[in-house]
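Residue numbers (the numbering used here), protein chains in the order written: chain A, 1 to 307; chain B, 308 to 534; chain C, 535 to 874; chain D, 875 to 1324.
Keep in mind the hints are simulated off the structure, nothing from the lab.
Treat the hints with caution; some may be incorrect.
[Stated by the list, open to error] Calculated cross-link-like contacts (lysine to aspartate or glutamate; reagent style DMTMM-like; alpha-carbon spacing at most 25 Å):
{"id": "1", "chain 1": "D", "residue 1": "K1197", "chain 2": "D", "residue 2": "D1255"}
{"id": "2", "chain 1": "C", "residue 1": "K793", "chain 2": "D", "residue 2": "E993"}
{"id": "3", "chain 1": "D", "residue 1": "K1017", "chain 2": "C", "residue 2": "E789"}
{"id": "4", "chain 1": "A", "residue 1": "K235", "chain 2": "A", "residue 2": "D212"}
{"id": "5", "chain 1": "D", "residue 1": "K1249", "chain 2": "B", "residue 2": "D502"}
{"id": "6", "chain 1": "D", "residue 1": "K1249", "chain 2": "B", "residue 2": "D484"}
{"id": "7", "chain 1": "A", "residue 1": "K234", "chain 2": "B", "residue 2": "D484"}
{"id": "8", "chain 1": "A", "residue 1": "K208", "chain 2": "B", "residue 2": "D502"}
{"id": "9", "chain 1": "C", "residue 1": "K763", "chain 2": "D", "residue 2": "D877"}
{"id": "10", "chain 1": "D", "residue 1": "K896", "chain 2": "D", "residue 2": "D1061"}
{"id": "11", "chain 1": "B", "residue 1": "K315", "chain 2": "D", "residue 2": "E1283"}
{"id": "12", "chain 1": "D", "residue 1": "K1125", "chain 2": "C", "residue 2": "D874"}
{"id": "13", "chain 1": "D", "residue 1": "K1222", "chain 2": "C", "residue 2": "D583"}
{"id": "14", "chain 1": "C", "residue 1": "K557", "chain 2": "D", "residue 2": "D877"}
{"id": "15", "chain 1": "B", "residue 1": "K376", "chain 2": "D", "residue 2": "D1035"}
{"id": "16", "chain 1": "D", "residue 1": "K1221", "chain 2": "C", "residue 2": "D595"}
{"id": "17", "chain 1": "D", "residue 1": "K922", "chain 2": "D", "residue 2": "E902"}
{"id": "18", "chain 1": "C", "residue 1": "K793", "chain 2": "D", "residue 2": "E1025"}
{"id": "19", "chain 1": "D", "residue 1": "K1290", "chain 2": "B", "residue 2": "D326"}
{"id": "20", "chain 1": "D", "residue 1": "K1244", "chain 2": "B", "residue 2": "D502"}
{"id": "21", "chain 1": "D", "residue 1": "K1125", "chain 2": "C", "residue 2": "E837"}
{"id": "22", "chain 1": "C", "residue 1": "K693", "chain 2": "C", "residue 2": "D782"}
{"id": "23", "chain 1": "D", "residue 1": "K992", "chain 2": "D", "residue 2": "E977"}
{"id": "24", "chain 1": "D", "residue 1": "K889", "chain 2": "C", "residue 2": "E840"}
{"id": "25", "chain 1": "C", "residue 1": "K761", "chain 2": "D", "residue 2": "E1030"}
{"id": "26", "chain 1": "D", "residue 1": "K988", "chain 2": "D", "residue 2": "D1035"}
{"id": "27", "chain 1": "D", "residue 1": "K1225", "chain 2": "C", "residue 2": "E676"}
{"id": "28", "chain 1": "C", "residue 1": "K761", "chain 2": "D", "residue 2": "D1008"}
{"id": "29", "chain 1": "D", "residue 1": "K1117", "chain 2": "C", "residue 2": "E837"}
{"id": "30", "chain 1": "B", "residue 1": "K314", "chain 2": "A", "residue 2": "E257"}
{"id": "31", "chain 1": "D", "residue 1": "K1222", "chain 2": "C", "residue 2": "D768"}
{"id": "32", "chain 1": "D", "residue 1": "K1249", "chain 2": "B", "residue 2": "E393"}
{"id": "33", "chain 1": "A", "residue 1": "K149", "chain 2": "B", "residue 2": "E507"}
{"id": "34", "chain 1": "A", "residue 1": "K198", "chain 2": "B", "residue 2": "E488"}
{"id": "35", "chain 1": "C", "residue 1": "K800", "chain 2": "C", "residue 2": "E837"}
{"id": "36", "chain 1": "D", "residue 1": "K1222", "chain 2": "C", "residue 2": "D576"}
{"id": "37", "chain 1": "D", "residue 1": "K1249", "chain 2": "B", "residue 2": "E318"}
{"id": "38", "chain 1": "B", "residue 1": "K315", "chain 2": "D", "residue 2": "E1245"}
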Amino acid sequence: MTKKYSKVKNMLDAGHFVVCSEMGPPIGADPEFIKKKAHYLKGYVDGVNVTDNQTAIVRMSSIAAAKLAMDEGLEMIIQVTARDRNRISLQSDILGASALGLRNILCLTGDHQSFGKDPGSKNVFELGSVQLIKAVTEMVDNGILLNGKVMEVPPKMFIGGAANPFADPFEMQMIKMQKKVNAGVEFFQTQAIYNIEKFEYWMEEVRKRGIDQNSYILAGILPTRSAKALRMMKKYVAGMDVPDHVIKRMDQAKDKEKEGVKMAVETIQRVKEIKGVRGVHLMPVAWEEITPTVIKEASLYPRPEVE
Amino acid sequence: MIVAKQKKVNEVIDMLGDDFNSLLIVGCGTCVTVSLAGGEREVNSLAEILRTYYANNNRDVKIETETVKRQCDFEYIDQLENLIKENDIILSLACGIGVQHIVERHQDKIVLPGLNTSFYGATLKIGEWSERCIGCGECVLDQYFGICPIARCSKQLLNGPCGGSQNGSCEVDPDIDCAWELIYDRAVKLDKLEDLINYEPPKNWEVYRDGGPRTLIDQEYHEDRKE
Amino acid sequence: MKKIAIIGGGIAGSQTAAVLADKGYDITIVEKSDSIGGNIKDFGCKATDLCLQDNLCLVDDVFNLVNDNENINLMFNTRVNDLSGKPGCYSLGIEREGVFSSIDNLDYIVLATGYTRWSDLETGTPEVDQDERIMWASELEELIKFRKDHEQGFKLGLKQEPESAVFIQCNGSRSIQEKARYCSKICCGYSYRMARVLKHFYPEIEITMFYMDLQEAGYLQELNFQKLKENGIDYINCKPIKVYSKKDKVNIFYEDQNKGKKDSLKTDLLVLSEGVHPKEVNEDWSRLFNLQLDQYGFLYPIEAEEKTNIYLAGTIKGPKDIAFTISDSKNVAYKIINND
Amino acid sequence: MLDIIYIGDQIKSPKLNTLCIKPEALIEFEGEIGNFKLQVKDDDKKLKDLKTKYIVINIDAVRENNLEDTLNLDLDLDQLDPNQDIIIIQDYEQISPAVINKEALNKAIEIKNKLSEKEVYFLYRSMRFIDDNDSLFEEARQKGIIFLQYEMGNLEFIDKDKVKYERDGLTSELQGQILTTPLLKPDQRLKRIIRLLNIESNGNEYIQSTNIYLQPSLTGKRGVYSLAGARGPNAYSEYEFEKEFTLNEIKSNLDNFEPLTENKRVVDDKKCILCYTCYRVCPHGAVQEDKENDAMKINELACYGCDGCISHCPASAISIQEKTEQKASNNLLKVLMCENSADTAYKKIDKGSFKDLDIEKIPCASSIKKEDIFKFLRKKDSRLLILGCFEDSCKHITGDGRGNRITNEIRDTLKKLDLNHNRVIFERLSPRMEEDLNGFLLKWKEGESS
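The following block holds chain A by itself, in its conformation from the complex (with noise of 0.2 Å):
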């Protein structure tokens, strides 16, 4: 079945290197905040993250900022995690954000709530990632629920999952990722890439098991603008690899937000290279501006129109 519906496919498909970007809602109800963000981000990606709660940190609802955000003109990808919701939840809110217009998503299992501010939540996790897909797959190739039922109006979704390259134990990693085709998905955004070298050899891998021939695989790459906060996710974020060598060169850099740019446009020309690499996903972390230097520094842009 031929989905036409979602932009950042489209691109895909007509084989344009895809630039996504991702933004966070803010902890507050203002839709100005959003539509400031969208903003800058105007022309600049194929495509926009809303993250879901991300760390664990109460923000506005993924699917209400991506609404806002659309409306200014952007193609959305909504980020869904199972880590708040059960399965009457998760599928009526995609079908809710279906009904909205909203069509990508990102089916993650999301961070543990230890590392926000409420680790005294009781967590869900009802369905991990591999579910979810399986769910929305579901939902939208054959109009039923996971209960059975079928649906006259089926959403339209185009679905997306996350691959960590750096994660353990790597086998199994692989496993999970074939898992996460198997049950639909069509798109991955990976973890930032500090190590090259290793996310090179997990593509080789990937491309061993046919993987990048049946999704679309969009590296993540996180500018960054000082030492400290390299180290910062060496040590606290779950599944980061950030060598040395890499710290080192930003400790030793003068103009820190310089080095930054420099360091992400570096890695995706490398990562251009690479064969199976359909695009970048940039998530810069408190430093969302600086997204459209980078994308020009890296002659993405102007991005290609497609119908």
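Dock chains B, C and D against chain A, hints included.
Same frame as chain A, but now just chains B, C and D:
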């Protein structure tokens, strides 16, 4: 066994309040004795701690102690009938089951919990226990080579590790083993990695307590209940 | 029961006696001073907040046992001056406060007269006697014996509390003089422990240790060179050329063997280690018991001790730390028991 | 009844009735000195029961080649290419024990003797001077072997025959046949033996050796000895002496085993719930399951009387047989002194100033019971001082730590009760610290304490 931990003593004192003159501390001689929280030694220690506290605060409180084999069987609770009646408050050093079982027999008594019931676990070494089962009602250990992803994976994932697994550790705490690393290692050792490729559908939680509080009836002993 | 004379009431003699007395042997300890304990009496525990395993914990039990055991007869202020008889029936001629007598019908004799502390000032004689900042290890030992800072914190009691300290190893061992080419084995560990004690009470103190080679006997074996350095002690491989006593500091000139260059450093406290040296009395034993002396004056282990019924225990045979002395002495006792 | 069963390698032991078993052959183990019972599976997979008075664990450490594609110490000199230099690398990843240092020095000299035309480089992090290593080092230097000291960051393998060495700003590339010294690791079978025999081990899976009471070859368990690689890599340095000592000690005591304590510790089989806490607590491996009585039992000959089991039994099932009840004293100042440290020091001081203290000798700091301490603290203004040993010099191996832990729990509880937690203090002392003890007791009596 059931692993429990004693409540902080100041919390116990707050819980007991000022409105009583006599207290019975009841220990439980099985699980919580082994998990070093509610056996005879703990009962006696707690009694002495409370006596010291009340003596130093000039309060006259009579404290008695007794430890029974199990507080989850009425027969043992009934052995304490007189003692329970004679005292104003009963402090149970059993898991939550024991506390409620005493309540069920003695509706007019204040029965308080002295322990925080933690989990079903195994002893790793002295003073260290680890959760191994949550009593989900439908065992899946056969599919995961004897390592339960529901009890031991922080996210209860049934289809593989999350992206936070690194160097064999869980993203929640490096001291927690990643259950999926353990499952993977076992699969490799048993040469059964291909068994993990199959998609595992969402679990049926109806048989867990999501289906409401559970009661187990063995029909063999309940001929009269047969329909 | 068989009768045994043990000459020397230090840890070696006492430990041998303790094992044998427990088996019911009739023991006489002949001690030239007025109490048992020997060299070990002078040492204090070096534990800081950690045990540094000087093994002194092990000795008091032994001494108490010896003092209390009715099978052990203690003869103080007594010297041995003669030996007669044959294996299984020896007689020891002794002198006690001018009175001569003998201990007869001895089945076995154990020689355990230990070592003497010895030092050598070949490295540009520092003014040990005049300068309170320069001291022998035994003098520092006296100062740090009462270490736990229950009062107003620990103080060494020098005119000026030290900001730096230097230890020079191998004074009296590894000497160019023919007398003491050997390694005393215990000083490296001993100085290290003292340095740790100083570090404990003066956390800011800078400590440098000059060494020839670090003998890793006993405790140091578990540590190795890398770990020693991790404790904030700087190690320089050489024996200093010259030491000067200056008004503000003690100056030390040296040539670093590893780096091959001359250098100097200043310190507030200079500690000179002392070596383990054979006692002169070993020569008497050699004559009296017909035993071989090695080139330095220690006694060679006796090859046919089960025939001569004369045994050597402890540092009379060469340098040993406390733990090794205790094990060696127990071993001597076991050999005697097994010989019966 | 055998005199000794060797687990691992046999040692020549004339006049003794001995047997040697492989570590993996041991199936079951129980009993105490003079009467250890072992179930062993022989090569035909038949089970048989053995009895022995003593056990000696003599299992070599495992040598692991440090890096692939390099030569190791047991190479045949004829394997060497006579046209290439030799690079010996010691201490890579892990500092080698003295025994390996010695072998490496000997090998270096051998190689230099054979290939005198070629350079022999010896890269090391630490020389282990023990025995005659220093003279070997001297000899090697005189023969022209080039010694280069490095730290882990200064050495880099470029190729299988090339290393980059950096020091004091100078970088040089060495080329030649590379020989690395092996890593010594505990034999994996040792873990199982430690578990089956229930003896203490150190964190590196070797049998504990840092405790001063466990010298030279003793384990925490009476009648069980450990030698060589079972004990740890450094134990090779005095291997010959330790062997001799072990055999002599065993030989000198083959019959009439006496208990080490006056009173027996007994388990009440009605109270015992078989939780194995005592088994896990006992530092001397003196506890075993008594299958006949469905309870644990304490082997009298193995027991050192530390009473750790009594204070730790959660069911209060263990007690001292025929113990005379302590008279309750009204003294507000109480001192519990470990008999192995503080009490030994106390014997040496003038007790005049301490007549008014209630001083009680205890077998080990681990024997203190929360229950008893709070009973004492019920008296207002009462204060308690607990004196235990330093770590590594506790006769009961882990007793000091347990004592300290129980004290901390008590202090914690006192804090939570808003009572002065400084009423209970734990201090470490050694038998040699009589002056410290004197000063400390005076200070404590005054009422000011750390």
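A quick look at each hint next to the structure:
1. Taking the CA atoms of K1197 (chain D) and D1255 (chain D), the gap is near 29 Å; set against the 25 Å cutoff, the hint is violated.
2. With a CA separation close to 21 Å, the supplied pair K793 (chain C) and E993 (chain D) stays within the 25 Å bound.
3. Taking the CA atoms of K1017 (chain D) and E789 (chain C), the gap is near 23 Å; set against the 25 Å cutoff, the hint holds.
4. A hinted pair counts as satisfied when its Cα atoms are at most 25 Å apart, and K235 (chain A) with D212 (chain A) does not qualify at roughly 31 Å.
5. Proximity of K1249 (chain D) to D502 (chain B) is assessed by CA-CA distance (about 60 Å); at most 25 Å being required, the pair is judged violated.
6. Of the supplied pair hints, the one linking K1249 (chain D) and D484 (chain B) is violated, its CA atoms being roughly 42 Å apart against a limit of 25 Å.
7. Our distance criterion of 25 Å between C-alpha atoms is met by K234 (chain A) and D484 (chain B), whose separation comes to about 19 Å.
8. Taking the CA atoms of K208 (chain A) and D502 (chain B), the gap is about 20 Å. The hint holds against a cut of 25 Å.
9. Proximity of K763 (chain C) to D877 (chain D) is assessed by CA-CA distance (about 45 Å); at most 25 Å being required, the pair is judged violated.
10. Restraint check: the Cα-Cα separation between K896 (chain D) and D1061 (chain D) comes to about 12 Å, which is no more than 25 Å; the hinted pair holds.
11. For the hint linking K315 (chain B) to E1283 (chain D), the alpha-carbon distance of about 11 Å falls within 25 Å, and the restraint holds.
12. Under the criterion of a C-alpha separation no larger than 25 Å, the hint pairing K1125 (chain D) with D874 (chain C) is consistent with the structure, at around 11 Å.
13. Between the alpha carbons of K1222 (chain D) and D583 (chain C) the distance comes to roughly 22 Å, so the proposed pair stays at or under 25 Å and holds.
14. Simply put, K557 (chain C) and D877 (chain D) have alpha-carbon atoms about 19 Å apart, close enough for the 25 Å limit, and the pair holds.
15. This hinted pair does not check out: K376 (chain B) and D1035 (chain D) have alpha carbons roughly 70 Å apart, beyond 25 Å.
16. Distance hint between K1221 (chain D) and D595 (chain C) is fulfilled; the C-alpha atoms sit about 11 Å from each other, no more than 25 Å.
17. Of the pairs offered as hints, the one joining K922 (chain D) and E902 (chain D) holds, with about 10 Å between alpha carbons and a cut-off of 25 Å not exceeded.
18. Straight-line distance between C-alpha atoms of K793 (chain C) and E1025 (chain D) comes to about 15 Å, which keeps the hinted pair within the 25 Å bound.
19. Only pairs whose Cα atoms come within 25 Å are accepted, and K1290 (chain D) paired with D326 (chain B) is accepted, the gap being roughly 21 Å.
20. Distance check on the hinted pair: K1244 (chain D) and D502 (chain B) sit about 52 Å apart at the alpha-carbon level, beyond 25 Å; violated.
21. With a CA separation close to 20 Å, the supplied pair K1125 (chain D) and E837 (chain C) stays within the 25 Å bound.
22. Of the supplied pair hints, the one linking K693 (chain C) and D782 (chain C) holds, its CA atoms being roughly 12 Å apart against a limit of 25 Å.
23. Pair hint K992 (chain D) plus E977 (chain D) holds up; C-alpha atoms about 20 Å apart against a cutoff of 25 Å.
24. Under the criterion of a C-alpha separation no larger than 25 Å, the hint pairing K889 (chain D) with E840 (chain C) is consistent with the structure, at around 15 Å.
25. Of the pairs offered as hints, the one joining K761 (chain C) and E1030 (chain D) holds, with about 22 Å between alpha carbons and a cut-off of 25 Å not exceeded.
26. A threshold of 25 Å between alpha carbons decides the hint, and for K988 (chain D) with D1035 (chain D) the separation of about 20 Å falls inside it, so the pair holds.
27. Annotation: proposed proximity of K1225 (chain D) to E676 (chain C) holds, straight-line Cα distance about 24 Å (limit 25 Å).
28. The hinted pair formed by K761 (chain C) and D1008 (chain D) meets the criterion: a straight-line CA distance of about 20 Å does not exceed 25 Å.
29. Distance restraint check for K1117 (chain D) and E837 (chain C): the Cα-Cα separation of roughly 18 Å lies within the 25 Å cut-off, and the hinted pair is therefore satisfied.
30. Of the supplied pair hints, the one linking K314 (chain B) and E257 (chain A) is violated, its CA atoms being roughly 51 Å apart against a limit of 25 Å.
31. Note on K1222 (chain D) and D768 (chain C): the hinted pairing is violated, with a Cα-Cα distance of about 38 Å set against a maximum of 25 Å.
32. Proximity of K1249 (chain D) to E393 (chain B) is assessed by CA-CA distance (about 24 Å); at most 25 Å being required, the pair is judged to hold.
33. A hinted pair counts as satisfied when its Cα atoms are at most 25 Å apart, and K149 (chain A) with E507 (chain B) qualifies at roughly 20 Å.
34. Under the criterion of a C-alpha separation no larger than 25 Å, the hint pairing K198 (chain A) with E488 (chain B) is consistent with the structure, at around 20 Å.
35. Distance check on the hinted pair: K800 (chain C) and E837 (chain C) sit about 50 Å apart at the alpha-carbon level, beyond 25 Å; violated.
36. A hinted pair counts as satisfied when its Cα atoms are at most 25 Å apart, and K1222 (chain D) with D576 (chain C) qualifies at roughly 15 Å.
37. Straight-line distance between C-alpha atoms of K1249 (chain D) and E318 (chain B) comes to about 21 Å, which keeps the hinted pair within the 25 Å bound.
38. As the CA atoms of K315 (chain B) and E1245 (chain D) are separated by approximately 16 Å, the hinted pair is consistent with the 25 Å bound.
Hint violations for this structure: numbers 1, 4, 5, 6, 9, 15, 20, 30, 31 and 35, all remaining hints satisfied.
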